[in-house]
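Protein chains in written order, with numbering that gives the first Met the number 0: chain A, 0 to 353; chain B, 0 to 227.
If you are wondering where the hints come from, they were derived from the structure by calculation, not from laboratory data.
Predicted model, so just to flag it, every value in this text is computed and none were measured.
It is possible that some hints are incorrect.
What the hints assert, rightly or not - Some chain A residues near chain B, calculated using beta-carbon distances under 8 Å:
# : residue
1 : 169
2 : 171
3 : 173
4 : 204
5 : 205
6 : 221
7 : 229
8 : 235
9 : 344
Stated by the list, open to error - Only pairs whose alpha carbons sit at most 30 Å apart, straight line, appear in this in silico DSSO-like list of lysine-lysine:
#  : chain 1 : residue 1 : chain 2 : residue 2
10 : A       : 178       : B       : 200
11 : A       : 291       : B       : 44
12 : A       : 110       : A       : 291
13 : B       : 200       : A       : 263
14 : A       : 263       : A       : 291
15 : B       : 44        : A       : 263
16 : B       : 163       : B       : 200
17 : B       : 44        : B       : 100
18 : A       : 163       : A       : 178
19 : A       : 178       : A       : 263
20 : B       : 195       : B       : 163
21 : B       : 100       : A       : 163
22 : B       : 100       : B       : 200
23 : B       : 163       : B       : 100
24 : B       : 163       : B       : 125
C-beta: ideal position from N, C-alpha, C; glycine also.
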Amino acid sequence: MRWTGYVCAVAATAACTAAGLAMRTRFDLVNIAMVYLLAVVTVALRYRRGPAVLTSVLCVATFDFLFVPPQGTFTIEDVQYLLTFAIMLAVGLIISRLTESVRAQAKAQAKLEAHAQTEGMRSTLLASISHDLRTPLAVMCGASSSLAERGEQLSAEERTALAKSLFAQARDMSERVSKLLQMTRLEAGGITLTRDWDSLAEIAGAVLARLREQLANHRVILELPEDLPLVRIDAALIDQALANLLENAARHTPAGTLVRLRAKRAADELVVSVEDYGPGLPAGDVERLFAKFEHGVSEGCAGGVGLGLAICRAIVALHGGRIWAEQIPGGGSAFRFTLPLEAPPAMPAETALA
Amino acid sequence: MTTILLVEDEPEIRRFLRSSLGAEGYRIVESPNARRGSIDAGTHKPDLAIVDLALPDYDGRELIRDIRGWSSMPILVLSARHQERTKIEALDAGADDYITKPFGVGELLARVRAALRHAARAPAGKPLQLGPSRIDLQARRAWRDGVELHLTPIEYRLLGCLTKHLGMVVTHRQLLAEVWGPTHVAQTHYLRIYMKQLRDKLEVDPMRPQYFLTETGIGYRLVADEEA
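If we strip away everything but chain A, and leave its shape as in the complex, we get (with noise of 0.2 Å):
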């Protein structure tokens, strides 16, 4: 890279040269030198200000050497071609200067241009935090102060409304911090997965054994087949992938509504899907669904930074899989994806071990 414009230097040089001989017989010395001259704009615009000024030498010197009498030495007799070498030396370097000056610009647009992305990002980023943080951190300061500053005057029963809602908040407020961890996580590439072979079953058990209080309004059925393949994950990962799905569907579908967890195997892999028979998709493009702060239609005062379906997206890709959501005919959306299998692992017989 760096000598690629030394190297150039000598063989504009060359190349001027042996055109300049070719020339020499019905061309003046002077439209001679206007070839040299060309070789050092040519290089000057190409490359740093070191080819440039290597090339003004060089060409002066061949010129020097070959063409101005008396020819064959580096002796000059008239002095204007003092004025020659000079103004190639001049060109060499105000043209060098002036290409490098455009360079350095177009590198800092490049650099304002990213950095207005980012901006932009994280504009986004904040207001959506605010937005989103700003209602529960206006009634935990409300619950709290009057708790502390008014806490005799109120009755018993108002006092722990209070402080119920005043921890309901927080940790609803928890929850969005921690997604909005997580994806930054998931974004900067800090995550790498730690995978054992684990039952999705379990994992779901588990799920939904967690989000109870969520879900108590609908109606879950779990639908795994017996003999359900292990699959080698990262559990927490999916684990957090599938409670993002229920707790889409509770909170995106009406109180009563059924919601379906299955699981099934497709040839070399698993299709998790989490149904509900709600209202469905929002009109327009699904893919949408899993950018950031996506909110979807029904949100509302719901709540949610938005962030659900793009943590599931990050995570599902982090296992090789893929992840969409498809309207259910006759009311109801679905989000399914895939988790590859592998070669189950040898699980030798019991007699053997005991």
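Once you've looked at the hints, dock chain B against the given chain A.
For chain B alone, coordinates are given in the frame of chain A:
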């Protein structure tokens, strides 16, 4: 009076733990760092220790190993989210259970009570009652709704290991080492297969277990009826 050692560097967290544990009638000894915690564990002889894993001077896991060197008191660890590895290491170092920050007091008190009950239990206790199922580990016999069940020798060993830590978390590594031997600690699929067998035989709804609980990515917890 039951004494609880609380090793935690955040004064605000100590404050609310002090008031809520104090209100339950426990005596609290507070240590702001691991060094102090190690000394207090020796001088106050607490019945239970609550250890934060991110301490300013040295790692909470070292403190756990240190306490385990001379005492079998139950140890609960407090850990942040997304720190599965640290949690597992703390459990493997000898902690009995964990609570993830942020947590509610209800959750904490339930864990504290379970851990104290676990410590007070006679080592080879009475038969285990899991809803409709009853298991006599010493006699190696099991019944469901009064009908005798067949459990394999490995199923009994697994059940025995979980029962030894009844109500507490047992990591995959601990279970694999104890049931299959230390050369099999990476064979997590053994556990998946045998846990499914145990649940199919003993749980009312094996898909939504009430007794053999999954601690995703960490291990398992057996909860008997008396724990509920």
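Hints and how they fare:
Hint status for residue 169/A relative to chain B: holds, with the closest Cβ pair at about 7 Å, below 8 Å. The restraint placing residue 171/A at the interface with chain B is violated, with a minimum CB-CB distance near 11 Å, outside the 8 Å limit. Checking residue 173/A against chain B by beta carbon gives a least distance of about 5 Å; that is within 8 Å, so the hint holds. Given the 8 Å rule on beta carbons, the hint for residue 204/A holds: about 5 Å separates it from the nearest Cβ of chain B.
Nearest Cβ of chain B to the Cβ of residue 205/A: about 4 Å, under the 8 Å cut. The hint holds. The beta carbon of residue 221/A is positioned within 8 Å of a beta carbon in chain B (closest approach about 5 Å), and the interface hint is therefore held. About 6 Å separates the beta-carbon of residue 229/A from the nearest beta-carbon of chain B, less than 8 Å, and the hint is met. Taken as an interface hint, residue 235/A checks out: its beta carbon lies about 4 Å from the nearest beta carbon of chain B, inside 8 Å.
Because the smallest distance between the Cβ of residue 344/A and any Cβ of chain B comes to about 5 Å, under 8 Å, the interface hint for this residue holds. Simply put, residue 178/A and residue 200/B have alpha-carbon atoms about 38 Å apart, too far for the 30 Å limit, and the pair is violated. Distance restraint check for residue 291/A and residue 44/B: the Cα-Cα separation of roughly 52 Å exceeds the 30 Å cut-off, and the hinted pair is therefore not satisfied. Between residue 110/A and residue 291/A, the direct Cα distance comes to roughly 24 Å. Compliance with the 30 Å bound is thereby established for this hinted pair.
Distance hint between residue 200/B and residue 263/A is fulfilled; the C-alpha atoms sit about 24 Å from each other, no more than 30 Å. In summary, the hint linking residue 263/A to residue 291/A is supported, as the alpha carbons are separated by about 29 Å, within the 30 Å threshold. Among the hinted pairs, residue 44/B with residue 263/A is inconsistent with the structure: their alpha-carbon atoms are about 54 Å apart, more than 30 Å. As the CA atoms of residue 163/B and residue 200/B are separated by approximately 20 Å, the hinted pair is consistent with the 30 Å bound.
Of the pairs offered as hints, the one joining residue 44/B and residue 100/B holds, with about 26 Å between alpha carbons and a cut-off of 30 Å not exceeded. With a C-alpha separation of about 23 Å, the suggested pairing of residue 163/A with residue 178/A holds against the 30 Å cut-off. Note on residue 178/A and residue 263/A: the hinted pairing holds, with a Cα-Cα distance of about 28 Å set against a maximum of 30 Å. With a CA separation close to 20 Å, the supplied pair residue 195/B and residue 163/B stays within the 30 Å bound.
The suggested pairing of residue 100/B with residue 163/A holds, with an alpha-carbon distance near 18 Å, which does not exceed 30 Å. Using a Cα cut-off of 30 Å, the hinted pair residue 100/B and residue 200/B is violated, with the two alpha carbons roughly 35 Å apart. Among the hinted pairs, residue 163/B with residue 100/B is consistent with the structure: their alpha-carbon atoms are about 27 Å apart, no more than 30 Å. Among the hinted pairs, residue 163/B with residue 125/B is consistent with the structure: their alpha-carbon atoms are about 12 Å apart, no more than 30 Å.
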